[in-house]
Amino acid sequence: MSPDAPLLQLEGISKHFGPVHALDRVDFAVSAGEVVGLVGDNGAGKSTLVKAIAGINSPDSGKILFEGREVSINRPQDATSLGIATVYQDLALCDNLDVVANLFLGSEETLGGVGVVSRQLNEVAMENRAGDLLSNLAVTIPSLRSEVGTLSGGQRQQVAVARSLLGEPKIVMLDEPTAALGVPQTKQVLALIKRLRERNLGVVVISHNLADVFEVCDRIVVLRLGRSAGDFSSTEVTEEHVVAAITGLGNNAGARAEIAEDKAEAVDDDFEGGKA
Amino acid sequence: MSTTPAPTAPQAGDTEEEAKKINPREQLRRVVQGDLSSVRVILGLVLIAVIFQVQESRFLSAENLTNLMLQITTIGLISVGIVYVLLLGEIDLSVGAVSGLAGAVMVVLNVQHGWNPYLAIAAAVAVGAAIGTAQGFLFSRFVVPSFVVTLAGLLTWQGALLQVLGKTGSLNVTDPKITGLANIFYGKTTGWIIAVVCIVVYGLVLAIGYRRRVAAGLGDKNPLPQVARLVLMAAITIGAVAILNSDRGVPLAVLILLGFVIGMEYVVQKTTFGRHVFAVGGNDEAARRAGIRVNGVRVAVFAIAGSMAAVGGIMAASRLFAVNQNSGGNELLLLAIAGPVIAGTSLFGGRGSVWTALLGALVIGSISNGMDLLGLASPIKYMVTGGVLLLAVLVDAVAKQQRQTRGRA
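Same order as they appear, the protein sequences are chains A and B. The first sequence begins at 1 in the working numbering and counts up by one. The second sequence begins at 1 in the working numbering and counts up by one.
Excised from the complex, chain A in its bound form:
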């Protein structure tokens, strides 16, 4: 695999639900060390695309390339084993368990033993690993033994992201990571996303909040009515541009032309991103 080839590349992905074209020949790519924002109006196909990558709804047609080779992702386990982790909006945390227990839920470390019941939890090892992971990510929580229900929304989001990293993924997809968060908490989560990039992970961020998208994303992919409606470098595009692509309103002809230009630019950006 050449260094500038995308980690994950989707080509011509289509997905129909009956007569509805949820996705129509969508292209999408994310490279290692790159944060890609996936934006679009409600029903634009963002969730369907993420579900296709996560193995929840496999696409009807199209190619998925992972590290340059074609793969098929039919079940969530396929995505996990490739190294694609997804953090859904509802986080799926157990409020009554502490941070360590939530991080290791379903993949607890044990001291060994026979049978389900005799397997003693290795709390020391889990607490150590959790402490290392969270301090590496500079996640701020009161204590590793705090109940997750006592944490703020931002802290919960960070715990959910940290949990997705335990499986050593190469790509992390975040569904609306800053929705319903206050300003300081949003900052924490965006900082965490930047640290994921520093760890050379490919990050996909679905968001409605263009300000957040512009702050952390290297590239912004716009979907509209199930089709690719733009692929911009975030440093070379204005918010109005992206809004125009999302809504399909405004100076239509102009916007389309600009999109075409930006697509060409985006290819260059990919190249630069690969070198960085």
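The hints are simulated quantities; they were obtained by calculation from the structure and are not laboratory data. Every residue, glycine too, gets a C-beta built ideally from N, C-alpha and C. You may find that some hints are simply not true.
Here are some, though not all, of the chain B residues that point toward chain A, as calculated from beta-carbon distances under 7 Å [unchecked claim]:
#	residue
1	212
2	270
3	272
4	283
Fit chain B to the given chain A structure using the hints.
What follows is chain B alone, placed relative to chain A:
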């Protein structure tokens, strides 16, 4: 990746450590709100003891305390299984009927069919486990409320009890192996040996845990909290054995109850399975996405509840030397559920401990025992117990509301 330990990194720490840092007012708030519900229950027990002792000086006598321990064995054992069910946020209404049926199965096999007593006991536990498994399967597979499945079970197994007992309606137990379960008392020396063994084992467990944490660089290097725990546990053990020894000695029934409480508490707090029980009770969707076999956990928990109900029924048959048509009936079921709730296990799932089975049984048992001593009639007993249950559930609900409004869910 570069490892720069950030100054804001989470501080590894025990809840005990946290508790110490919090000021007294905050600690008081925790007691009131139920974060420290076991302390609240122990205070309640002390209050009950004082009230009855003032009225009737026999209440705290060694003989009465020994009787109290024997009286709560059955309800405590059934409650152990109930705690597991409550942790899932479910309910099992069949445990009373299952305990009666299991006791009857044991007695019928032993007395009428001449089975070896141990085989008969094993068969009774197997019946309880099978019933629990079946109910757990129906509940989880067909997504029927556990309330309804086990209510159907309650009626079914009560009928089965009558069927098994046949026309006589009552059977006496004579086998000393079975009656011994609730009627063996160990001598003084044996009692002290048991106490010493328990204290030494507990000390070793604490020491090993402490060394592992310190070796891993986690937690408090100060061993004082651990020493304090050991001293407290040793004081309670020595006190309990001294009291029991001054009457008839340490009863086997108490050892059985404590053994199940400690064993099942270990399973729920320290093993993968126990962690999954808490997870399913807290957020079953999260548990499912984490790859936990949610329905498997549910079936296992109901099997545990059925088995513990059977164990309780066996102890009841042993203590009363008989099973009859009322075995496992009356208020047994409701008290077995009320006990853990009074002692702080949440009805809403995901919060609790097996110790609440013991503490709750002690609360209910001492109220009942004290009122018997005072010669109060059943109507008063029921109403007082009902009041205590209501109070405990209200405290649980208020604690939950407080946690939610303050983001401490």
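- Task: Let me know if the C-beta of residue 272 of chain B comes in closer than 7 Å to any C-beta of chain A, holds or violated.
- Result: Result: holds, 5 Å to nearest chain A Cβ.
- Taking the closest Cβ pair, is residue 283 of chain B under 7 Å from chain A? With a minimum Cβ separation of about 5 Å from chain A (threshold 7 Å), the hint on residue 283 of chain B holds.
- Message: Using the nearest Cβ pair, does residue 212 of chain B come within less than 7 Å of chain A?
- Response: Constraint on residue 212 of chain B satisfied, holds at 5 Å.
- Agreement of hint residue 270 of chain B with chain A interface, Cβ distance less than 7 Å: Residue 270 of chain B check passes; min Cβ-Cβ to chain A is 5 Å, inside 7 Å.
Of the hints listed earlier, there is not a single one the structure fails to meet.
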